[in-house]
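Undergrad: Assembly of the complex is requested from the two constituent chains, each provided in isolation within its own frame, with the hints serving as guidance.
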Amino acid sequence: MANQLHNPVPIKRKYFTPGVFVLIILALNGLVFLIGRFLFGIGAVTNLDNQYPWGLWIGVDVAAGVALAAGGFTTAALGHVMHKEEYHAIVRPALLTAMLGYTFVAMGVFVDIGRWYYIWHPLIMWNGNSALFEVGICVMIYLTVLYIEFLPIVTERFIGRVNLPGFLSILNKPVDKFLRVLDKGLSKTMFIFIIAGVVLSTLHQSSLGTLMIIAGPKMHPLWQTPVLPLLFLLSAIAVGFPMVIFESLIASRSLGLKPEMHILTRLGSMIAPLLGIYLAFKIGDMFIRETFVYLTEFNTASVMFTIELLFGVIIPLRMFLSPKVLKSPLLLFIASTLVVLGVLINRINNFIVAYTPPYAEKTYFPSFGEISVTVGFVAMLVLAYRFIVMNFPVISLPGKHSAPQAKYTIRGVGK
Amino acid sequence: MPGKSRRDFLKKSAIIGAGITGLSTSTAKAGPKNILSPDRMGVLVDTTVCVGCRNCEWACKDAHNLPAGNLESYEDRKVFEKKRRPDHTALTVVNEYSPGKNSNMPVDVKVQCMHCDHPACVSACIVGAFSKQENGSVIWDTDMCIGCRYCMVACPFQVPAFEYHKALHPDIMKCDFCFERTKEGKLPACVEICPVEALTYGPRTELVRVARERIKKNPDRYIDHIFGEYEVGGTSWMYLANKDFSELDFPKLGDKPAPGVSESIQHGIFAYFVPPVSLYALLGGIMWISKRRKELEEELK
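As you go down the protein sequences, you meet chains A and B in turn. Using the numbering used here, read the first sequence as starting at 1 and increasing by one per residue. Using the numbering used here, read the second sequence as starting at 1 and increasing by one per residue.
In isolation and in its complexed conformation, chain B is listed as follows (with noise of 0.2 Å):
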């Protein structure tokens, strides 16, 4: 059953692709692209199916032209002794934790960028770097990028890396959910070479109803929760699991979207320009009468 929704969503990825390569005029705008089409794309990571293989690291940097090494020496687990973070060296990696409820295998958890849907780095870069595209990614374009790094001061989940190596040019490094691979109807690197099909991929919407259907169909395998349906507004990444999501080093975020209050403060202090507008009339006229009853004044004596 998998394998037969995985074939329906490429067909409907490789539709939406396509619309998306037709639409991609730029049109001059005050703002980052922030598109949150009903047809994006998500995936769906199921942590109680992934074994740990760490091939999603490995295709994931062969995709990305980053150092991959050969593919034979990511069986060594030898490195999930240590809790590692998606860096500029690999943009996701999988880390193991203790076996959650009904089950004695460890569980493992990819990490990479979530792709909001209300994303904090799209609200905060400085120049609109960041852009929520129609497909559910969140990408960032280099030639516009100042390195100021507030992206990462931004993000709840803590992903966007910078090259502190590098004097000239230093890239912000984060997942792109293989925009340009999607484009041309591609799955995503990591999706595509999962070997047990831990991660799905499709529309967000459809891969709501497929997850709650394993947790109905599964109430033994699953915690009744999926992991980015509701946190900081949905994520286009959403996962299952067995045991509690704070035990996974998942942050615990409420519903509301990362860059509500800002925005709406940002919005209020200049709502059509009016508060400034305002104070500059108001202190240009206690300017202009302050001064006048000086001139009275001397004018008196």
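Bound-form chain A, shown alone (with noise of 0.2 Å):
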């Protein structure tokens, strides 16, 4: 059977290497910008402006950071709504890109947003006409969802292994007891959150499309159109399986384990179709607004516009569409990445790209500053998702089979 082969274990490996300390200065420099603005205020470290109020932090950190973590979403819907046993061994990194990912969105909100003190308001404060208010909310309950999936990987962790310092080990016992009870209500009530997280990233996916609709003609025509809101879904879930193959790939070759290259060209044989169907309405939707006609303009927009639909679409659709491609690591890797830059300059574009204000002065370019905090975040989402798979059992090891685990069941707990 092919649940063998899910069988996650904490790697263990050394924490710190050259990659890590690269990656340590990348995210301290993004801190010092981060301590600026939260001293002297969003103006001091951003290019941001009256004309320009939503930069690279709600572009990339809060609109690409949400779609390249659909690979959460799109696994869960594969792996345990339609029930494919066979995909279970990349649904807990998946899950965990995903948990990280949307925590990393949440601290781009916060940062990105003048009063983060009053960042709970919109759990009092509704307006129910308001996109953003859709999605500030979906994310706020995503997240605990995702928190609340990741929980059975920490009781599997402790189970049996309680093992506190000094007299608190008097506590072993009943924290003990503790999890194997939190165990045992999770594994009967986790299709309720598994299901939810499925419908909350449908529902926030589509409502982040919407956000930019209202921006009404201050929005390039190439990209504004009512039917964003289906656009930025179905390229979620176009980049979802993509997302989760780059970052599957990256972390074996990091941690020196064999590529899971049996699931991982099954789930590269699914991509094509689905990033066709995005294709398909990206196209229609150009030919029925007739907005082709900007492509023969030569400026930013038409140059992005085709970056985005070319090298992030359809070069990589023809890539998955090969057999020779979904064999090959290395190219499998390309492909995948290619869909993955694709869908974030796509919300580069939608949010920054085709934002022409009215009364611009000059174009918006992040500064530094914003680059580095951006940059900082990703380093510091990249050094968590390390621990975590270090101590956690996460990845599955290739080969290495136990017997057939039923879903949720841990071991150490008696029936």
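Some clues are possibly wrong.
[Stated by the list, open to error] Some chain A residues close to chain B (C-beta under 7 Å, calculated; not the full set):
no. : residue
1   : M125
2   : S130
3   : V198
4   : A384
Since the hints were made in silico from the structure, they are not lab data. Note that CB positions come from ideal geometry on N, CA and C, so glycine has one too.
TA: Here is the structure:
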């Protein structure tokens, strides 16, 4: 049975490597500018102004962050909702990526809003007309759901192994007992959260596209369309598996593991149809609204649109159709990276490039501080990912089979 | 004649102001206040009358406790060399343009929040900090705002400004149609100070009538367009001019309310929560069926 391949364990490796030190430096550099932002205001660190109220932090940290964390709900839908157990080995890494991704999205929002100490306001102050309200509430609930979905990994790590230091050791037994009760409760109710996670993702992935519609003529016609929510949802679904492949191949390379090609190849074979649907809607929308005329002009908008569509969708779509690509780790990695970058550029295009305010004095380009914070957040995310896979059972070791595990039952839990 | 109608409007505004104070008990709601009262007030800006004295800029700052300087310093016409926008230091500014038809006087255009009838900011604001009040003003509530600046993204006139230099409690700054003053029956500060009566305050319906009459009586003086009568579904502030509004840096906007498309999508996705709940049920069904199928397969083995 395929599910025998599902055997997640903490990957024991040395945490600090030269690459890790580079990431730590990048993270610290980001922190410096973060401190600057909180001490001296958004204007001191960013190039944002009254013409361009949203920039890199919303376009990349938030919008692209949410899209690239889509692997969490697409693999949950595949593995749990459609019950394809052969994919269970990638569900946990994807879940971890989504959990960390959304955590950093929340941190991005926290940094970008002027009054960060009011971040809880949307919980009690509702505006049902606002797309941003919907995104905010959905992301908050989904983040909670992701943490709940991750809890069984924590209980699995500690059940039978609770070892508190010093006098706290008298609590070992009660804590263990609590974890077992928690684990049992979670395994019975987990399906509620898994379905909720998929529904919430569908909602806010699309509402993220609704966000810019209200900007109306301030947004370039190449991107401004009433089907934006659909395009955002379809592109999020299409980028989910490439992101999982991208991240899985990097992780196995970095941790010195064999790439899980038996799963990744099958996962890769599903990407072409998903990209195809997205492409069909994107091109269809372009022809219905006759916006292709803007492509004959040569400017930033037309160039960026072409890059996004050609390198982000069309070329990887062709690549994913080829069996040779699906079987080669390198080519699969390149094709997946193209889709990931394509969606990243698409979100940047929608939120930054397409935004043309009527009274702009200059065009916006992110400041060194803004870029530092974004890069710093990514570095922190990678460091957190590395720490968690080394200490929690997230990544499955291929070839090291144990007895097949029933869903959510944990070793050491007797019936 | 403008004097008479102004007194008339003043009286009416006092009555409406009194009415608003009586009605201002806020009730629990799932969205911001968005009232489109038939008696809402507005201002008609006649750019052919404006002389560019910028007294309104001073009065506005004075009324909103912003550093205003002395009134004489506003006589300096050098500021017109550059086109300016309202920001956190000035909620209204006057810009100057080359003369229009049948005139050799430059055209001066006062810029501030248009107080839309269907405001994009009210629709967009994540916490509902913006509201359209019964008297026509679109105002912002400092106790709610989280500083996300989505209102600035949404506004078709690019009006709301943000205090980027402030680390703590930055405000969204924009013209509030002198909400506090009109509540007490006073005129908006800019309308009150205007020495040439370029600004007429009154019920919006009345202002449209006045504007149409002026165009009809003086077809040589005006172009046949009241900016704000229909733009983005109508605005409380409206403009008359003697040259095309696009030459005066007004954005070219359709007649549809700015939040229309976005709100109908939003309400479509959330129609009584039917779509999300159906999706939940559908996924639950798929999950149950696929699990059952797997179990059957195991049993058959």
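Undergrad: All hints are to be evaluated individually against the structure, with a verdict given for each.
TA: These are the hints, each one checked on the structure:
1. The interface hint given for M125(A) holds, since its Cβ lies 4 Å from the closest Cβ of chain B, which is under the 7 Å cut-off.
2. Contact between S130(A) and chain B, as hinted, is supported at the beta carbon level, the nearest pair being about 5 Å apart and thus within 7 Å.
3. Interface hint status for V198(A): upheld, as the beta-carbon distance to the closest one in chain B is roughly 6 Å, under 7 Å.
4. Look at A384(A): its Cβ only gets to about 26 Å from chain B, farther than 7 Å, so that hint breaks.
In terms of the numbered hints stated before, the structure departs from hint 4 and from no other.
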